[in-house]
Amino acid sequence: DYLPEGADPSAILAQSDKAYISRYALGRDYHKLIRSRLAKLAKKIETHLGGGHYRAFVDSAPVLERALAENAGLGWIGKNTMLLNDKAGSWFFLGEIYTDIPLPKDPPKTVDHCGSCRACLDACPTGAFVDPWVLDARKCISYLTIEYDGVIPEDLRPAMGNRIYGCDDCQLVCPWNKFAQTTTEPDLSPRHQLDAIDLLECFAWDEPTFLARTEGSAIRRIGFERWRRNVAIALGNAKTTQAIKQALRSALPDSSAVVQEHIRWALAQHE
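Per the numbering used here, residue 1069 is the first one in the sequence shown, and the count goes up by one each step.
Please note: incorrect hints may appear among the correct ones.
Computed cross-link-like contacts, BS3-like style, restricted to lysine-lysine with a CA-CA straight-line distance of at most 25 Å [what the hints assert, rightly or not]:
#1 Lys1111 with Lys1173
#2 Lys1100 with Lys1177
#3 Lys1111 with Lys1177
#4 Lys1100 with Lys1111
What follows is a set of in silico ranges between Cβ atoms, one per label pair, in the way DEER data are often shown [stated by the list, open to error]:
#5 Asp1266 with Pro1226: 15 to 23 Å
#6 Phe1247 with Glu1275: 18 to 26 Å
#7 His1121 with Arg1317: 56 to 64 Å
In short, the hints are calculated from the structure, not lab data.
Glycine included, every Cβ here is placed at the ideal spot set by N, Cα and C.
With the sequences and hints as input, model every part of the structure.
Written out as structure tokens, the structure is:
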């Protein structure tokens, strides 16, 4: 599991002057970490069997990871579209080794253990769940802050709160995550003091600082402009202070058109 030891995500979400970063991104970039370990495992299998072809994937190709995991018996897909395991919840990563060697089949998880629970559906800040098991990515904060590179719809910005990279709300309320274990993996522990960092500090970074502070992290993947856009929205949602208004005004002239749009919106929230 990647949930950091001693983590209290809800407390950070309640502090509007702090930056909330999805728990998975606080440690080293899991894509590289898990893929490296899968490649080593594949090599050991190849050596042991004396042949076969292998390729490792970790969210790095059009592979239906959750469907594969469900069919492999690792868990079931919950109403929040996450893979759930009855002994570990959903705070874990998925990775795959594709191979041409014949393997025995594991029975799939055919039983849905979510029952009538709606906790994840009701907790979504932007109402991104159209129905159980149906997510409208255009409203999902994780998609908007990480994958989307344009102007975030104005009506969704207030609901984003202080979430500047990803969102964990539908996992935080899931009853199955009471079984999640905090990670003992050093590489997945928070790095660079990014857990509960001040929004104003994040907004003060220039691009070299951003690259230095996110070295080895999945956060670096979004680039500096998206980072600034996301932090500007969070500052617009924070409690009004002179320091916030001054920081936003100072950043306006030298920002890109996309970031300027979000800075102007943020300033308007403090009028």
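Comparing the hints with the structure gives:
| no. | hint | verdict |
| --- | --- | --- |
| 1 | Lys1111 with Lys1173 | 21 Å, holds |
| 2 | Lys1100 with Lys1177 | 28 Å, violated |
| 3 | Lys1111 with Lys1177 | 29 Å, violated |
| 4 | Lys1100 with Lys1111 | 16 Å, holds |
| 5 | Asp1266 with Pro1226: 15 to 23 Å | 20 Å, holds |
| 6 | Phe1247 with Glu1275: 18 to 26 Å | 41 Å, violated |
| 7 | His1121 with Arg1317: 56 to 64 Å | 58 Å, holds |
When each numbered hint is compared with the structure, violations occur for hints 2, 3, 6.
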